[in-house]
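Asker: Position chain B against the provided structure of chain A, taking the given hints into account.
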Amino acid sequence: MISIRKTTPTRALASKPPRQRSTDGVLAGRSSTNPSQPSCPSSSSLMPAYRAEAITGRPYISWSQVSSYQLCPKAYEFKYVLRAEPAFVPSSLVFGVAFHDAVARTSAADLAGAPRPSAEELALGVAHELRASSVPLRLGKGESLESLDALASRMLVAYLASPESHVQGTSICIEDVARGNVDQSIPPVEARVDHVYQRQDGSLVVRDIKTTRSKWSADKVSESAPQLRLYAMLLDRELEGLGRVESLEFLTVTKAAKPVVQLHQLPARNAGNDGGDGHDGLIDQLQQVWAGIEAGVFPARPGWPCRSCPFNDRCPAAIGGGAA
Amino acid sequence: MPLTVNVGISRKASANYQSQGLSINLTAELDQSLLADPPRLQLEIDRIYAQAEQALDRQGQALTTMTGMTASGQESPHAADHAAPNRAPHRNGSTNGQANGSSNGHHSGNGNARNGFHGGPVRPATESQLKALRSICKRMHLRLEHEVHEEYGLESIEELDVKQASALIDLLKERQGQGASQRRWS
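Heads up: the protein sequence lines correspond to chains A and B, in order.
In this text, residue positions in the first sequence follow this note's numbering: the first is 1, and each later residue adds one.
In this text, residue positions in the second sequence follow this note's numbering: the first is 1, and each later residue adds one.
The set of hints was computed from the structure by calculation and includes no laboratory data.
It is possible that some hints are incorrect.
Every beta carbon over 12 angstroms from chain A, so not counted as near; a handful from chain B, in silico [stated by the list, open to error]:
1) His141
2) Arg143
3) Glu145
4) His146
5) Glu147
6) Glu150
7) Glu151
Here chain A is said to cover these stretches of chain B; the calculated rule only asks that three of the stretch's residues, wherever they fall, bring their Cβ under 8 angstroms from a Cβ of chain A [claimed, not checked]:
8) 33 to 44
9) 165 to 171
Anything over 12 angstroms on all C-beta distances counts as not near chain B; from chain A, calculated [stated by the list, open to error]:
10) Trp63
11) Ser68
12) Ala132
13) Lys210
14) Ser214
15) Thr254
16) Ile283
Even for Gly, the Cβ is constructed at its ideal location relative to N, Cα and C.
Okay, chain A solo, but in the shape it has when bound (with noise of 0.2 angstroms):
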């Protein structure tokens, strides 16, 4: 119930307004905390937010945690409910992780109107990277960190130079962090955005980035499509007033002898064929997962990730390597 009181014109006048910053934390810079945890619950009635936290110790969602659950809720379960030690860290994950730093540094400094760094300086970052971890690197077949570094620097060369680079409008976040309620019967989502930037018109275009192994079919961007989707549902939010998000893109870079760059764009809302909500069925999806984390339903489905599960030395259902 709203029921509105309103005096106008009156003699009162204001004063010097109270403007404060938000506190619910959304749209932080990675390497922020945010505010917004939840303190402990009274009530037995637990919210999606308080039974994420006492599950995960996150008061919330991401989409790496979804889609670690739809390829082995039991990996999930160590890593996100044990909260295990990873035996190992893929060099593929620390790799990726660090050219999307030199991405956002360069798109910074594109965004300040400042020189960009040069593929040197960037590579010397993702090298650094490499070494920094204080989980042992798992080197892939016929890697070391010397052909990593020379693959970095391929990489990062062919992406400065190639036009995609630069995006056609203002950025707004670059590698920041959206958090938000898509569904009051699942926990709050967090997004990790790589970059969202906005048109003249106005519009609002949010891009990911992927290293990639080949480059990418139709099919598998439209397979990657709802990762950007929730992006767009929580930033059509967070950034109500400023636009909306109508463009998705993911800008891939091969891990090639002679990197590729490409970008391939789609539209926020998938018109007409998904029942209407224009988003894949994502709240369905998002839905099924969280009832599976939330009944503790763990159980490992065995397969071609099992060769770099970093649980696979503790996990009695792994292929090749598992616990005895």
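Answerer: Then chain B, alone, in the frame of chain A:
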């Protein structure tokens, strides 16, 4: 017991050294379970503020039409320079139950005197924007707080919204470009 949220906004309208005030108070009863979901509670409070501001906008426009007065929530250092009204409303907010005290919702985002009353509530500037602004100011030997105050009459960079930050980045970059151009010709 329901959760009661009360938000209040007031603005001042002035012309020819005379002023009148516009104020609105909205009281809403929300589901108490929102206390367990702080982000959602904040969102609900934001929505109530947005409704209140929208109502005040309409009243403000009507008042402008009738009296020629323009509304302002605060004194702007540039008030005399801009024909359009400045909107920076004085907000009062309170929530009973476990969450009490003043609202920490978002400001309207239309403090930009040049933008007048148009547009809805806008989020605070992003970290990326603030970093960019700091970087530009450092390069140009400017004080960001001063620029923010000069452009928008804001007391702190924390008050910048995402639209204002974007516009300020463009403005400073343009100024930087002009400076570079002048240096080339001098």
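Asker: Are the hints correct? Go through all of them and say.
Answerer: Hints, verified against the model:
no.: 1; hint: His141; verdict: holds, 14 angstroms
no.: 2; hint: Arg143; verdict: holds, 16 angstroms
no.: 3; hint: Glu145; verdict: holds, 14 angstroms
no.: 4; hint: His146; verdict: holds, 18 angstroms
no.: 5; hint: Glu147; verdict: holds, 14 angstroms
no.: 6; hint: Glu150; verdict: holds, 17 angstroms
no.: 7; hint: Glu151; verdict: holds, 15 angstroms
no.: 8; hint: 33 to 44; verdict: holds (count 8)
no.: 9; hint: 165 to 171; verdict: holds (count 3)
no.: 10; hint: Trp63; verdict: holds, 17 angstroms
no.: 11; hint: Ser68; verdict: holds, 23 angstroms
no.: 12; hint: Ala132; verdict: holds, 22 angstroms
no.: 13; hint: Lys210; verdict: holds, 20 angstroms
no.: 14; hint: Ser214; verdict: holds, 31 angstroms
no.: 15; hint: Thr254; verdict: holds, 27 angstroms
no.: 16; hint: Ile283; verdict: holds, 15 angstroms
Consistency note: the structure conflicts with none of the earlier hints.
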